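**Student:** Sequence:
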Amino acid sequence: MTAFHGLGPLPGADIRATAEVLAGEAGDTPHLPILADRGIGADPIGRTAAICADLNLDAGPRSWRVADKGGRAESIAADHLQRDLDVCEEFWGTAPDKIIVPVTGPWTLAASIELPGGHRMLTDRGAVAYLAASLAEGLANHVAEITRRFGADVSVVMHEPAAAQVTAGLVEGAVPGTLLRPVGYRELAEQWRTVTGATGPSLAIAVPGLVAPHPGPTPPSLEKALLESGARAVAMPIGAIRGSGMLDGVGRLRAAGLDLILGVVPAVPEATDEHSGAYLEPSARGIAERVARLWDELSFPRIDLVDHVDVTVDRGVSAAPVDWVAPAYAGGRRAAELISRAAGDL
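Per numbering that gives the first Met the number 0, the sequence shown starts with residue 0, numbered consecutively.
Quick caveat, the hints were computed from the structure, so don't treat them as lab data. Be a bit skeptical, because a hint or two may be false.
[Claimed, not checked] Using C-beta positions, here's what the derived DEER-type ranges look like:
#	residue 1	residue 2	range
1	Asp85	Asn55	31 to 39 Å
2	Arg185	Val321	19 to 27 Å
3	Glu144	Glu288	34 to 42 Å
4	Leu279	His307	27 to 35 Å
5	Glu171	Asp36	20 to 28 Å
6	Ala277	Gly176	20 to 28 Å
7	Arg82	Ala52	18 to 26 Å
8	Ala254	Asp152	24 to 32 Å
9	Gly183	Pro115	40 to 48 Å
10	Ala254	Asp96	38 to 46 Å
11	Met245	Asp272	34 to 42 Å
Given the structure is predicted, the values throughout are model-derived calculations rather than measurements. Glycine included, each C-beta is placed from N, C-alpha and C at the ideal position.
All chains should be modelled from the sequences, with the hints used to inform the complete structure.
**Tutor:** Right, dumping it as structure tokens:
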């Protein structure tokens, strides 16, 4: 059945208020929230660093940096993680059927974290392999803790917003104006498999698209890497699936057995109530029909839609007003219910 779930990052800094909203609007599948507005250590990189095993980081002049021992920023990240788990357990108890765990993937981590000398971890193949192994071990422990706390199934969404730049050789080096080497699909997939091997068939990889998001060579190797990643699903914004090349690529991913998680719920408010000024829910039917149209463009039978597509919010929701989360999630949940109930009539 088609489900709705968030992917992780949300606006705001109040974990209690966020956990309460998710308890009410995320249905049976809430996600652990990432509230970057709280500052250093609460960002997606910091959250994942707190999950990784035997990875010592601290805040450097430009970004997170590998350190001899964990610094204050890493300690703050660990504190945020434990408090978030405690608060979510308080509000959710054992009610969820499944909990979504968001993490940043090894390639985006490697493109973002610096080695002690100031170069990105991406420049060192051994460092990238260590990073993937650290994430795999830490994530396995994290999933086990969540299962113990909530008694629910766990699905991991591994965010790789830098994957297209990594494959295209568009990641900037330590010297401004220099670009790091492109990473081939076999190397990309190898490190992903390190992580998927630790989590089993429950991991999805979230990418902003299959091509580089700014001028540069098109990396078809990203599609190949996803096919060999060991992931069960790929998540991407529905708006990124434009043109015959993207449609064909996404179609090949689905034909190879990967399910789709489509970012189709608006990331920002579209309308307000004329009397109260409150944000209105996005149209569940409009969301569902957009998903159905894409499925038709991919040339798959409607009968398969409900078993192979989930819906989520579009990218950028973390920059939306805090009060948008509840109506956005409510609209997404109703859209998923509509697809499950009436996919053939949309």
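**Student:** If a hint holds in the structure, say so; if it does not, say that too.
**Tutor:** We went through each hint and held it up to the structure:
{"no.": "1", "hint": "Asp85 with Asn55: 31 to 39 Å", "in the structure": "24 Å, violated"}
{"no.": "2", "hint": "Arg185 with Val321: 19 to 27 Å", "in the structure": "43 Å, violated"}
{"no.": "3", "hint": "Glu144 with Glu288: 34 to 42 Å", "in the structure": "40 Å, holds"}
{"no.": "4", "hint": "Leu279 with His307: 27 to 35 Å", "in the structure": "30 Å, holds"}
{"no.": "5", "hint": "Glu171 with Asp36: 20 to 28 Å", "in the structure": "26 Å, holds"}
{"no.": "6", "hint": "Ala277 with Gly176: 20 to 28 Å", "in the structure": "48 Å, violated"}
{"no.": "7", "hint": "Arg82 with Ala52: 18 to 26 Å", "in the structure": "20 Å, holds"}
{"no.": "8", "hint": "Ala254 with Asp152: 24 to 32 Å", "in the structure": "26 Å, holds"}
{"no.": "9", "hint": "Gly183 with Pro115: 40 to 48 Å", "in the structure": "27 Å, violated"}
{"no.": "10", "hint": "Ala254 with Asp96: 38 to 46 Å", "in the structure": "29 Å, violated"}
{"no.": "11", "hint": "Met245 with Asp272: 34 to 42 Å", "in the structure": "36 Å, holds"}
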